[in-house]
Each structure stands twice: as structure tokens, then as C-alpha cells.
Amino acid sequence: MKTLKIKGIHRVFIPVLMACLLLGTILAGCAPAATPPAATGQPAADNKSAQATAFPVIPGTPRFKIATTTSLYDTGLWNYLEPMFEKKANVKLDIVYAGTGAALEYGRRGDVDAVVVHDPEAEAKFIAEGYGTNKRSFAFNHFLIAGPASDPAGIKGLPPEQAFKKLYEAGKADPTKVKFISRGDNSGTHSKEKLIWQAAGLNYGDVQKSGPWYVEAGKGMGPCLLMASEQGAYILADISTFLAFKGKVNVVPLIEQGDLFLNVYDVMAINPEKVKTAKMLPTATTFTNWLMSDEVQDIIATYGVAEYGRPLFNPLKGGGCTEPGCPKLEDYTVPVK
Amino acid sequence: MAFLQTVDLEQRAGAAVLLNRVNLSVEKGEIFAVIGPTGAGKTTLLRLINLLDRPYGGDIYFDGEKITDPSCNAVRVRRRMSMVFQKPAVFNNSVYENVAYPLKLRGGHGKDARSGVYDLLDTIGLGGYAKRKAKTLSGGEAQRVALARAVVTQPDLLLLDEPTANLDPGTVKMIEELVVRFNRDRGLTVIMSTHDMQQAQRVAGRVGVLMKGELVQVGSPDDIFYSPDSARIAGFVGMRNLLKGHVIMNEKGIAVMDVNGREIEAVSDLPAGSAVDIYIRPEDVVLSRAASAGSARNDLRCTIRSIVPNGPLCTIVTDCGFPLEATVTGRSAVELGLVQGQEVYASFKATAVRILPSMPA
Amino acid sequence: MQEIWQALVQAVNLIVSLDAEVIQISLRSLYISAASIVIAALFCVPVGALIHFHDFRGKRVTINVIQTFYSLPTVVVGLLVFLFISRSGPLGGLELLFTPAAIIIGQVILIMPVLTGMTIGALSGVDKSIRDTAISSGASSAQAMKAILFEARFAVVGALILGFGRAISEVGAALMLGGNIRGYTRVLTTAISLETQRGDIVLSLALGIILISIAMVVSVIMNILLQRY
Chain A
0 MKTLKIKGIH RVFIPVLMAC LLLGTILAGC APAATPPAAT GQPAADNKSA QATAFPVIPG
60 TPRFKIATTT SLYDTGLWNY LEPMFEKKAN VKLDIVYAGT GAALEYGRRG DVDAVVVHDP
120 EAEAKFIAEG YGTNKRSFAF NHFLIAGPAS DPAGIKGLPP EQAFKKLYEA GKADPTKVKF
180 ISRGDNSGTH SKEKLIWQAA GLNYGDVQKS GPWYVEAGKG MGPCLLMASE QGAYILADIS
240 TFLAFKGKVN VVPLIEQGDL FLNVYDVMAI NPEKVKTAKM LPTATTFTNW LMSDEVQDII
300 ATYGVAEYGR PLFNPLKGGG CTEPGCPKLE DYTVPVK
Chain B
0 MAFLQTVDLE QRAGAAVLLN RVNLSVEKGE IFAVIGPTGA GKTTLLRLIN LLDRPYGGDI
60 YFDGEKITDP SCNAVRVRRR MSMVFQKPAV FNNSVYENVA YPLKLRGGHG KDARSGVYDL
120 LDTIGLGGYA KRKAKTLSGG EAQRVALARA VVTQPDLLLL DEPTANLDPG TVKMIEELVV
180 RFNRDRGLTV IMSTHDMQQA QRVAGRVGVL MKGELVQVGS PDDIFYSPDS ARIAGFVGMR
240 NLLKGHVIMN EKGIAVMDVN GREIEAVSDL PAGSAVDIYI RPEDVVLSRA ASAGSARNDL
300 RCTIRSIVPN GPLCTIVTDC GFPLEATVTG RSAVELGLVQ GQEVYASFKA TAVRILPSMP
360 A
Chain C
0 MQEIWQALVQ AVNLIVSLDA EVIQISLRSL YISAASIVIA ALFCVPVGAL IHFHDFRGKR
60 VTINVIQTFY SLPTVVVGLL VFLFISRSGP LGGLELLFTP AAIIIGQVIL IMPVLTGMTI
120 GALSGVDKSI RDTAISSGAS SAQAMKAILF EARFAVVGAL ILGFGRAISE VGAALMLGGN
180 IRGYTRVLTT AISLETQRGD IVLSLALGII LISIAMVVSV IMNILLQRY
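The listed protein sequences derive, respectively, from chains A, B and C. For reference, each letter of the first sequence is one residue, going 0 to 336 in numbering that gives the first Met the number 0. For reference, each letter of the second sequence is one residue, going 0 to 360 in numbering that gives the first Met the number 0. For reference, each letter of the third sequence is one residue, going 0 to 228 in numbering that gives the first Met the number 0.
If you are wondering where the hints come from, they were derived from the structure by calculation, not from laboratory data. Keep in mind that a hint or two might mislead.
[Claimed, not checked] Output of the computed footprint for chain A on chain C, the stretches with three or more beta carbons under 8 Å from beta carbons of chain A: (1) 85-99; (2) 173-180; (3) 189-202.
Quick reminder that beta carbons are idealized off the backbone N, C-alpha and C, glycines included.
Generate the whole structure from the sequences, applying the supplied hints.
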């Protein structure tokens with residue numbers, strides 16, 4: 000049979016097509032280059048990387064990308080804050096919604112310029128490895144353990160560690176009666192859960208393998224709550240997401256007190272020295288400082304009151320956080336330079 | 000050199016030889032029929048002429064130009080020819096678009112071209128069909144569209160590959176008439192392949208016989224029909240009586256032959272002793288109840304072996320010491336009261352007997 | 000089940016009231032999928048034609064491979080493209096991640112096998128005699144290909160509609176590559192995903208109804224255009 004002969008017209012056709020393909024892709028939705036605003040305190044050496052952003056075909060407002068955890072997102076707080084910041088800093092704020100684990104990964108890859116998460120241990124590691132910088136805290140709330148109103152494991156009112164121990168035993172004994180939904184996704188909530196298991200004296204690996212009562216959902220906070228509601232299971236949730244879903248789920252809060260329940264939200268900028276492709280440090284700084292500003296702190300103090308009767312988050316400003324484990328003063332008051 | 004000339008044209012498919020050194024000459028303005036049985040290579044030949052396929056060997060010359068030369072622009076050459084295929088092929092489009100397609104290819108789509116198409120549709124008897132979807136046409140109508148499409152650009156050469164192979168007699172007649180008309184009115188050279196000898200007789204000026212990839216005989220339809228060059232050709236053109244014998248004596252151009260103990264006379268110069276092949280057309284055999292008083296030199300007593308109706312005709316197979324087939328009209332068979340087993344006299348003229356020296360068929 | 004009825008009502012509401020966000024998301028879905036199909040078609044239809052019209056060693060294998068990729072899992076494609084266009088990936092400098100362009104890239108890759116394979120299928124369905132007819136009518140190679148493509152037009156458009164459908168209903172890659180950013184890369188499918196997660200079943204269904212409606216309208220329009228020509 001004939002071998003493939005690319006005849007005359009096709010010789011031209013194919014490269015032209017590929018060029019069109021590439022061009023079309025780039026033009027179709029090309030992000031304007033994320034060049035830093037003109038006045039920058041960056042050392043001159045960064046100029047090259049600033050210009051290296053390719054294809055600013057459609058010059059427009061620079062885009063500032065952050066990754067935020069699901070619990071903050073599901074409450075709609077960001078929908079509220081987003082336009083405010085965009086106006087203030089004259090950037091397009093792109094909010095990517097991911098669990099803490101994924102958010103930090105985006106940060107490591109430089110796909111976002113800042114991360115907002117609530118996992119102190121992971122954050123410390125992130126900063127120690129050099130990826131994150133200028134960490135500040137700006138809000139806090141609490142976790143709670145919710146479950147079926149009938150409380151088959153009988154954990155109501157117990158301290159969290161004891162409750163978990165009881166759940167472990169009851170669940171192993173009778174998985175049809177007692178179930179637990181875990182986030183299972185390396186999120187801040189998941190990390191908190193693991194901490195509580197640790198405090199309960201249990202090895203997390205053992206817990207995972209201990210039986211069908213322990214369900215690793217791999218989903219966001221909202222979907223996990225829905226799942227717990229469906230299955231009549233216990234679940235660790237942050238108060239804000241729980242409240243936001245209150246009408247849609249039929250699990251009730253069973254334990255709301257406990258030092259381990261403190262949940263602090265932090266923001267970190269991605270360090271351009273470690274992550275070469277992160278270029279928006281100045282905007283990240285503006286963002287961080289803005290979160291700590293009176294304007295935002297006041298909003299946080301009242302967000303959700305109208306709908307849920309109580310605020311979903313608590314501002315740190317004014318020393319509202321007094322429990323053990325609360326961030327130090329400088330962590331939430333000192334602006335980033 | 001002829002208008003269309005092939006020189007030692009050869010085509011293969013793997014190890015099989017489809018065409019073996021075919022030398023075909025077609026003159027400008029004539030209708031040339033290529034006849035042969037299925038699988039003889041007729042389609043292969045026409046496809047080569049139309050440059051749809053490349054030959055294994057040999058050359059084709061068209062209007063003096065060697066079109067099998069690699070440097071020759073096939074598209075330009077093909078635009079001077081057109082071809083109609085055995086299976087009516089129409090595009091999934093309107094009849095008008097189908098016929099106008101070759102014009103569109105050449106960029107000619109002005110008002111003149113348009114009216115030309117409509118005129119052509121009238122000519123082929125499909126005036127008013129312009130907007131019809133071509134796929135809804137019958138086979139005969141579609142083939143007429145294909146024919147119109149083939150002549151709309153006034154080509155110099157029209158190739159037809161068994162164009163009426165699967166069509167009803169009415170359409171066959173229509174298409175044959177159209178072909179003859181186009182040839183006459185436009186001086187269009189036509190090469191047509193067919194397995195139907197009668198069609199070749201009706202339409203063609205000259206006939207070439209293609210058998211197993213070889214062009215074995217070329218001549219007028221009568222030449223082929225009445226004087227086939229070999230048993231093979233004879234069989235193909237419908238000479239159903241093929242006998243073997245030898246010449247006993249030859250007197251003044253009349254040869255007397257012995258065939259299985261019976262004697263037959265034919266016009267021939269072959270000397271006594273020659274082993275011969277003898278061909279007699281069934282239509283030339285006349286049957287009667289009594290010995291013929293006519294001028295036929297051959298008058299044999301035979302027994303009817305079978306009577307096979309064949310449309311309006313009847314094929315009678317007799318035993319005259321050797322098998323002899325006669326074709327009579329159905330009426331004659333009835334009037335003669337012919338039945339199986341009956342004795343009849345079969346007579347035929349010496350001039351109706353064709354003999355050739357025996358050679359391997 | 001009453002959710003479905005509620006969803007129907009809400010869908011109509013959203014459309015009639017020209018809810019700004021829904022309109023924005025729908026237009027974005029439409030635009031991204033349309034861009035994907037156009038880009039993919041520009042490449043795949045000619046390539047499919049090339050593969051069909053030429054014989055070469057491994058042609059059968061190539062076609063088999065293409066057909067295998069019909070079932071490319073969308074998340075896998077999303078993940079692979081993500082690795083490429085992430086800022087720390089080889090194409091990071093293009094700043095494509097979390098932009099509509101990234102979604103387009105992902106969708107183009109996803110629908111390329113289907114478009115190519117079905118173009119080949121469409122052309123294979125055209126009778127061989129069409130090519131002979133075109134060529135003997137005086138068509139050049141390119142003109143003959145055009146004639147055959149035209150003969151196959153219904154099947155080819157069918158392939159385009161299928162590709163468009165696959166693109167507009169795709170979630171995995173759109174999520175991973177676009178980031179579901181409100182006002183920028185949120186499309187109908189990712190919005191449905193989000194609202195489902197948020198527990199707003201009715202809104203999700205309503206968006207789903209809108210999605211199906213769009214797909215239907217596009218299909219109808221393409222068929223009408225086809226009948227015309």
C-alpha cells in the first residue's frame with residue numbers, strides 16, 4: 000500500500016491549522032499578565048520576571064489569585080468581600096475554592112498568590128519550608144461535634160477527646176448505629192479531627208482501618224454535613240458552615256465546648272523567593288493588611304447575624320479571642336510591610 | 000496516432016494480471032464499444048484511461064499527449080474527459096447541483112452555464128427536476144443525471160462503464176439514444192464498455208473484444224458478430240454452435256467437412272485434411288418438418304432434444320449427430336408443432352457456416 | 000420529586016427575569032464550549048479527513064487508539080493539563096491556569112478524539128463511488144475531498160453536536176483548570192457542582208435544565224442550518 004504522502008496542499012494546511020489552534024487558545028481567554036502594580040518596593044532583579052509574563056494580549060486589570068478553604072467559601076463570606084477588595088486594590092480577585100491540602104499545593108506551585116486556611120500545623124510547615132510568608136490571622140470561630148438527635152453513642156456534653164474515644168468504641172461495636180463522617184481530604188477541619196484523635200490517645204491509622212463506621216468522605220464541609228444528615232452520622236464541623244446549612248440538615252450540635260475546638264483563620268502570602276512564579280507580593284500584602292483592617296473586622300463581627308441570629312465568624316481585632324491557643328497580638332495586629 | 004491510444008497497457012493487482020499489453024486505438028468522433036465478459040478488465044481499462052488509476056506498465060496517449068507521464072497534470076487531462084459508472088452515482092444534493100458540479104469545479108457558474116444545465120436537463124427528459132433531491136431518483140433517472148453531468152462541460156472524450164447494466168429496457172433505450180445523439184451532435188468521442196453484444200451492435204461504430212485482460216479482436220460489430228476470431232469470442236458473442244471437424248474435400252471454394260460422421264458444407268479455402276472449428280449462429284438454422292427445398296446447401300435430419308422458450312423466441316436443441324441449436328420464433332415453434340423427440344430437418348446456408356483452422360481456443 | 004417541579008419553575012424564573020449571574024454563567028458556558036468545538040473542529044475534521052483518505056502503515060492502529068480515547072476520563076485530562084499549565088509547570092509562563100482559556104484547552108483535548116474518530120466514521124460512510132465521480136468530473140484532490148466531506152455533512156455535523164455536548168456538560172476538567180472562579184471561570188456545570196455541594200438542590204436542577212436547553216437550542220440551530228445548505 001502507499002505510504003503516507005503528505006501532498007502539497009496539506010503541507011501548508013496542517014501547520015496553519017496548528018497555528019490557528021494555538022493562537023485561538025491564547026486569544027480566546029488569555030489572562031492578562033499578572034504584572035505587579037507600577038509602584039513596587041521590589042528589588043530591581045525582579046523586573047525581568049515581571050516582564051517575562053507572556054502574552055499580555057488583552058491588557059486588563061491584573062488578576063490576584065487566592066485559594067481559600069471550603070468552610071470559608073460555603074458561608075458566602077467571600078462573595079461579600081470580593082467586590083470590596085477588587086475595588087480597593089484595583090485588581091480582579093480570583094478565588095479558588097479548595098481544601099487546605101489542595102490550597103497549599105496550589106501555593107507551592109505558585110498557581111495562587113495567597114492562601115487563606117485554618118490549619119496551624121500545616122501552615123507552620125508551609126512557612127518553615129519557605130513557601131509561605133507574612134502569615135496573619137484575621138478571624139476565628141469554633142468547631143463542634145454534631146450528630147443525630149438520638150445520640151446513640153451518648154456523647155452529648157463530653158469533652159471532645161472523650162467523645163471521640165467513645166465514638167471509636169461504639170462505632171466499632173455497632174457500625175449500623177454509630178457512624179462518623181470524616182472530611183478525609185487534608186483540610187483544616189480534617190487536621191483538627193486528627194488532632195482530636197491524637198488527644199484521645201488513638202493512632203489515626205488505626206481509626207481509619209477500624210471499620211465501616213468511619214467514613215472518609217473526601218468532600219467539602221457542606222457536602223459532608225449533608226452526608227451526615229442522610230446517614231444519621233456524627234461529624235466534626237465548623238460552626239459557620241454548620242449554621243449556614245442548618246435548615247438543610249437534621250444533625251444537631253452535641254458538643255460545643257472544648258479547647259481543641261478553636262479554629263483560627265490565617266492568611267499567608269506566597270513567598271516569591273521560594274516560588275519564582277508568584278509575583279503579586281505587594282497585592283498580597285495589601286490583601287493581608289486589609290483583612291486585618293477595621294473595615295473587614297467589623298464586617299466579620301456582624302456577618303450572618305441577620306440570617307442566623309449570630310455571627311458566623313469572630314473578628315480578632317479588639318482582643319476578642321481569649322482562649323488558650325488564640326493567636327498572639329502581633330499575629331493579628333501588626334500590618335505587613 | 001489515434002485520438003485515444005493505449006500502448007502495451009498493463010495493469011496488475013498484486014500478482015494477478017488484469018490487463019495484458021492492451022493496444023487500443025480509438026478515433027476521434029467515433030463510438031467504440033469494449034465488450035467482454037464480467038471480469039475481463041473493461042472497468043480496469045476505462046479507469047486507466049480516465050487516469051483514476053495508474054497503470055502497472057505501458058502508456059496512454061490522448062490527443063497526442065502522453066497522459067501517463069508522471070509530469071502530466073492529471074486534473075487538466077481529466078477535465079477533457081468524463082466518465083459514467085455502472086452504478087448510478089449522484090451527490091446528496093439537488094439534480095441541478097449534480098449536473099452543474101463539473102462546471103462549479105472549473106469556476107464556470109454564470110448565467111450561460113446555468114441555462115446550459117437546464118437545457119441539458121430537458122434533453123435528458125428530466126426538465127423540471129432541477130430542484131429534486133438526486134437521492135430520490137430511480138436508478139434510470141439517476142443514471143441520466145450522471146450522463147448529463149458527464150457531458151455538461153462539453154468534454155472531448157466520454158467514457159461509459161456498462162452504463163445500462165442494471166436498468167430497465169425503456170431506460171436502456173433512452174440512454175443509448177442519448178449517447179448516440181451526443182456523439183452525433185457534439186462530435187463527442189465515446190468509449191463504452193458493455194457485456195451486451197446487442198447493445199454494441201446498436202450503438203457502436205467499432206467494437207473491441209476484451210477477454211481475460213487481452214484485446215483479442217477489434218472490428219465492426221458485424222465483424223465480431225459474424226466472424227469472431229476464436230471460439231472464446233464466438234461463445235461470447237452468441238454463436239452457440241461450436242463444432243469440431245475436419246475438411247474432407249474442397250471444391251471451388253466450398254469445403255465439405257466431416258463432423259461426427261455427418262457432412263457440412265461451408266464457404267472456405269481450407270484444404271482437405273485441415274482440422275477445423277466450425278461456428279453456426281442459431282438464428283441461421285431453419286427448422287422444418289420436411290426436407291428443405293430451398294437454396295441451403297446444408298439440410299440435415301435431426302431429432303429435437305429440448306425446447307426452451309426465450310421471450311418471444313424459442314431455442315431448440317437438436318441432435319444431428321452433433322448438437323445443433325436453432326432459434327425460431329415462438330409462433331413458428333407452435334405452427335410447426337415442435338415437440339421433444341420429434342424429427343425435423345435443420346437447414347442452413349454454407350455462407351452461414353464460419354470455419355477456422357483448429358487452434359487452442 | 001417536587002424538587003424537579005420546583006426546579007422547573009425556578010429555571011423559568013431565572014431565565015425570564017434575566018438573572019444577571021445566571022446569564023453570565025450561561026453565556027460563559029456557551030462561549031467556552033463553542034470556542035472549544037470550533038478550535039477542535041478546525042483541527043480534527045481535516046486530520047480525520049487526512050487519516051481517512053490516506054493509507055499508511057498503522058492506520059488501523061491509529062483509528063483504534065483514537066476510538067479508545069473517546070472515553071478519556073475528564074478528571075485525568077484535567078489533571079494532566081493542570082500539570083502543564085500550572086505556574087510551576089512547563090507552560091507556566093503563559094499564565095493559563097484558572098482562566099477560561101485553560102478550560103478551553105482541556106475541553107479541546109477531551110473532544111478531539113471524538114471529533115476525529117467520528118469524522119473518519121462519517122467519511123467512511125460515504126460511498127466510494129463519490130470520490131470517483133468527483134475525480135472523473137475533473138476535481139482536484141482537494142476538491143474531491145471537499146465533495147466527500149460535503150456528502151458526509153450530516154454525519155460530520157452530528158459529530159460536532161456530540162462534541163459540543165460533551166464540552167458543555169463536562170465538569171472535571173472545567174473545575175480543575177478553571178477553578179470555578181465566580182465571575183471569571185464559573186460555568187454552568189461547575190456552578191451546578193458548587194450548588195449541589197452547598198445543598199441547594201433546586202438551584203442545581205434549575206441550572207441543569209438551563210444547560211440542557213442550551214444544548215438543545217444549539218443542536219436545533221445546527222440542524223436547521225444544515226438543511227438549508
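Just pull the numbers of the violated hints for me, sorted ascending. none
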